[in-house]
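Protein chains: 2
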Amino acid sequence: MDAIELVSPFDSHLHLRDSDALKTTAPLACETFAGAIVMPNLTPPIDSIEAAQDYKARILSFCQKPFEPIVAIYLTDTLKGEVLDLVKIVKLYPSGVTTGSENGVKNIDQYDRLFAAMQEAGTILSVHGETNDFVLDREARFATIYESLAKRFPRLKIIMEHISSAALAKLLDRYENLFATITLHHLLYTLDDLLGSKLNPHLFCKPIVKTPADRAALRRLAFGAHSKVSFGSDSAPHIRSAKERFGAAGIFSAPVLLPKLVELFEENSALDYLQSFVSDNAQKIYDIKLPRKTISLIKKPFVVQEDINGFIPMCAKETIRWSIR
Amino acid sequence: MDAIELVSPFDSHLHLRDSDALKTTAPLACETFAGAIVMPNLTPPIDSIEAAQDYKARILSFCQKPFEPIVAIYLTDTLKGEVLDLVKIVKLYPSGVTTGSENGVKNIDQYDRLFAAMQEAGTILSVHGETNDFVLDREARFATIYESLAKRFPRLKIIMEHISSAALAKLLDRYENLFATITLHHLLYTLDDLLGSKLNPHLFCKPIVKTPADRAALRRLAFGAHSKVSFGSDSAPHIRSAKERFGAAGIFSAPVLLPKLVELFEENSALDYLQSFVSDNAQKIYDIKLPRKTISLIKKPFVVQEDINGFIPMCAKETIRWSIR
Numbered sequence: 000m001d002a003i004e005l006v007s008p009f010d011s012h013l014h015l016r017d018s019d020a021l022k023t024t025a026p027l028a029c030e031t032f033a034g035a036i037v038m039p040n041l042t043p044p045i046d047s048i049e050a051a052q053d054y055k056a057r058i059l060s061f062c063q064k065p066f067e068p069i070v071a072i073y074l075t076d077t078l079k080g081e082v083l084d085l086v087k088i089v090k091l092y093p094s095g096v097t098t099g100s101e102n103g104v105k106n107i108d109q110y111d112r113l114f115a116a117m118q119e120a121g122t123i124l125s126v127h128g129e130t131n132d133f134v135l136d137r138e139a140r141f142a143t144i145y146e147s148l149a150k151r152f153p154r155l156k157i158i159m160e161h162i163s164s165a166a167l168a169k170l171l172d173r174y175e176n177l178f179a180t181i182t183l184h185h186l187l188y189t190l191d192d193l194l195g196s197k198l199n200p201h202l203f204c205k206p207i208v209k210t211p212a213d214r215a216a217l218r219r220l221a222f223g224a225h226s227k228v229s230f231g232s233d234s235a236p237h238i239r240s241a242k243e244r245f246g247a248a249g250i251f252s253a254p255v256l257l258p259k260l261v262e263l264f265e266e267n268s269a270l271d272y273l274q275s276f277v278s279d280n281a282q283k284i285y286d287i288k289l290p291r292k293t294i295s296l297i298k299k300p301f302v303v304q305e306d307i308n309g310f311i312p313m314c315a316k317e318t319i320r321w322s323i324r
Numbered sequence: 000m001d002a003i004e005l006v007s008p009f010d011s012h013l014h015l016r017d018s019d020a021l022k023t024t025a026p027l028a029c030e031t032f033a034g035a036i037v038m039p040n041l042t043p044p045i046d047s048i049e050a051a052q053d054y055k056a057r058i059l060s061f062c063q064k065p066f067e068p069i070v071a072i073y074l075t076d077t078l079k080g081e082v083l084d085l086v087k088i089v090k091l092y093p094s095g096v097t098t099g100s101e102n103g104v105k106n107i108d109q110y111d112r113l114f115a116a117m118q119e120a121g122t123i124l125s126v127h128g129e130t131n132d133f134v135l136d137r138e139a140r141f142a143t144i145y146e147s148l149a150k151r152f153p154r155l156k157i158i159m160e161h162i163s164s165a166a167l168a169k170l171l172d173r174y175e176n177l178f179a180t181i182t183l184h185h186l187l188y189t190l191d192d193l194l195g196s197k198l199n200p201h202l203f204c205k206p207i208v209k210t211p212a213d214r215a216a217l218r219r220l221a222f223g224a225h226s227k228v229s230f231g232s233d234s235a236p237h238i239r240s241a242k243e244r245f246g247a248a249g250i251f252s253a254p255v256l257l258p259k260l261v262e263l264f265e266e267n268s269a270l271d272y273l274q275s276f277v278s279d280n281a282q283k284i285y286d287i288k289l290p291r292k293t294i295s296l297i298k299k300p301f302v303v304q305e306d307i308n309g310f311i312p313m314c315a316k317e318t319i320r321w322s323i324r
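Chains as they are written, first to last, in numbering that gives the first Met the number 0: chain A, 0 to 324; chain B, 0 to 324.
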């Protein structure tokens with residue numbers, strides 16, 4: 000096949016940042032995606048409906064094409080049950096586990112009343128599922144927390160964000176109300192790519208890329224477009240010095256997402272499942288109806304830029320076999 | 000205890016580099032160590048007796064204090080059995096596993112005749128024991144190669160360099176002719192320190208720091224000064240940009256070795272074993288007699304420099320509770 004059309008691609012987990020960075024991130028998003036769930040871990044966090052509305056307006060002011068940003072609300076003590084009817088999705092960051100989690104939750108058990116209210120209102124709970132244990136165990140150790148939430152709030156829709164381990168992949172078929180997003184980089188890379196030869200700070204993220212067995216478990220879900228899984232890039236730009244000198248976590252994959260996804264799914268004879276993975280599943284999971292936006296890709300080499308406004312993209316300087324037409 | 004004397008500390012595994020870098024590395028070594036086994040992975044490699052003699056002279060030209068550098072010879076096809084009587088130690092790098100291993104060994108089985116000659120001559124075989132497998136498995140997978148060498152050449156003294164895993168630690172008591180060096184950084188750190196919060200490129204090395212269980216196995220050996228183990232720092236400087244931008248592997252621990260070792264052994268109630276770990280064991284294992292050189296340390300805070308001639312030391316800007324007097 001030399002061309003493919005994707006209808007209304009949706010990014011279920013995206014960091015657009017704010018202020019100047021929006022000049023780079025928002026156009027990239029609206030160019031190839033119909034919409035996205037936008038993460039609220041700004042400084043200060045987007046923790047109210049008003050803040051989310053303002054942020055959405057700022058995002059749209061940089062979008063030249065139709066684009067539907069759904070801004071998640073950061074879960075803090077200020078979030079009250081009364082407003083949940085107006086909130087699509089709430090993001091839970093355990094305190095201290097990733098970029099912008101300083102304001103996150105220290106004790107998840109304190110939020111049972113809120114989770115119960117979310118369940119009644121139909122609000123979705125999005126979770127960065129890592130503990131503060133040894134880095135390779137953090138996600139697997141969070142499994143019991145997911146299981147406890149899933150059992151105690153059986154009608155609460157819980158998204159296990161950017162799953163990176165076989166330990167979480169296997170929970171999907173055990174609990175009806177657990178769902179997941181998977182990034183492109185966790186489908187592509189393992190620790191070998193991050194630090195197997197030279198250290199590559201531009202592949203450093205949370206949760207970290209893991210073992211070949213973990214990646215294989217994620218690939219099985221994505222390449223079959225498991226109905227409880229949707230694509231979420233977790234594209235998270237930091238300027239070069241923040242990555243190289245100060246070790247910030249986050250991979251800037253936005254500039255390559257669709258071409259690289261097509262390349263990867265083609266290599267793995269999974270192209271038939273890509274439409275579901277990048278759009279249809281998400282529309283069902285999040286119960287949204289996206290306006291039709293068709294993105295055409297053709298088999299023509301695309302050399303990724305080395306630097307985009309001071310941000311280093313994933314696959315910088317590499318050649319991808321597919322391009323946006 | 001507020002003061003401690005170490006007699007003739009010896010570094011069984013040290014990278015001094017060459018040319019300008021010697022101005023930094025050689026004085027640091029001779030200041031606090033009586034001698035060292037100096038690694039030959041320069042460009043081009045130190046692969047002959049003549050090259051080693053020249054290198055030793057260059058090293059000594061930068062030493063203001065008595066210091067005994069024993070330069071290992073890089074194992075390549077040019078090394079012939081006839082010269083082994085004059086060679087103390089030969090270093091085997093499997094091709095492609097670390098800095099300067101481009102000229103390393105592709106097929107270890109081809110060197111059986113040389114290993115037999117080394118066994119007769121009493122030459123020591125020093126090995127960087129990693130395969131080209133997935134990064135977390137590389138050292139454990141090399142165990143079978145160590146076992147095969149140990150069985151087939153039972154009188155060949157084999158040093159498993161900078162062991163970083165429980166898998167290799169347990170070989171020491173199974174094979175009489177297997178020995179090991181352990182670095183300070185593998186005693187101190189795990190993957191949590193390298194990438195558990197921010198990414199720290201200055202803690203990136205080969206073999207990589209591993210799990211808490213691996214570190215615990217190394218600590219048991221070091222803190223009891225297991226008789227088949229000696230301290231080898233593997234201090235390996237790269238200039239800042241090589242570390243931060245280009246991801247070079249190697250930790251520059253030379254500026255902090257003895258103070259940090261004393262601090263660590265004191266914290267773990269193991270100070271009684273430090274003299275054996277940093278000198279006595281090595282003198283027996285390598286069959287060397289070092290001139291007496293007494294290094295005194297006192298319990299007085301020592302703030303590690305941020306940058307030493309363009310090299311970033313391990314523990315930069317941290318305070319160590321012990322100082323060289």
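No lab work stands behind these hints: they were computed from the structure.
Incorrect hints may have been included.
Unchecked claim - Derived DEER-like restraints, expressed as beta-carbon distance ranges:
no. : chain 1 : residue 1 : chain 2 : residue 2 : range
1   : A       : Lys22     : B       : Asp192    : 45 to 55 Å
2   : A       : Lys197    : B       : Glu81     : 37 to 47 Å
3   : A       : Glu119    : B       : Thr143    : 56 to 66 Å
Claimed, not checked - Reference excerpt, derived from the structure (chain B facing chain A, CB under 7 Å, subset only):
no. : residue
4   : Asp191
5   : Glu243
6   : Ile323
Owing to the predicted nature of the structure, the values given are computational and were not obtained by experimental measurement.
No residue lacks a Cβ here, since even glycine has one placed at the ideal position from N, Cα and C.
Hints, one by one, checked against the model:
| no. | hint | verdict |
| --- | --- | --- |
| 1 | A/Lys22 / B/Asp192: 45 to 55 Å | violated (36 Å) |
| 2 | A/Lys197 / B/Glu81: 37 to 47 Å | holds (39 Å) |
| 3 | A/Glu119 / B/Thr143: 56 to 66 Å | holds (59 Å) |
| 4 | Asp191 | holds (5 Å) |
| 5 | Glu243 | holds (5 Å) |
| 6 | Ile323 | violated (30 Å) |
Comparing the model with each numbered hint stated earlier shows that hints 1, 6 do not hold.
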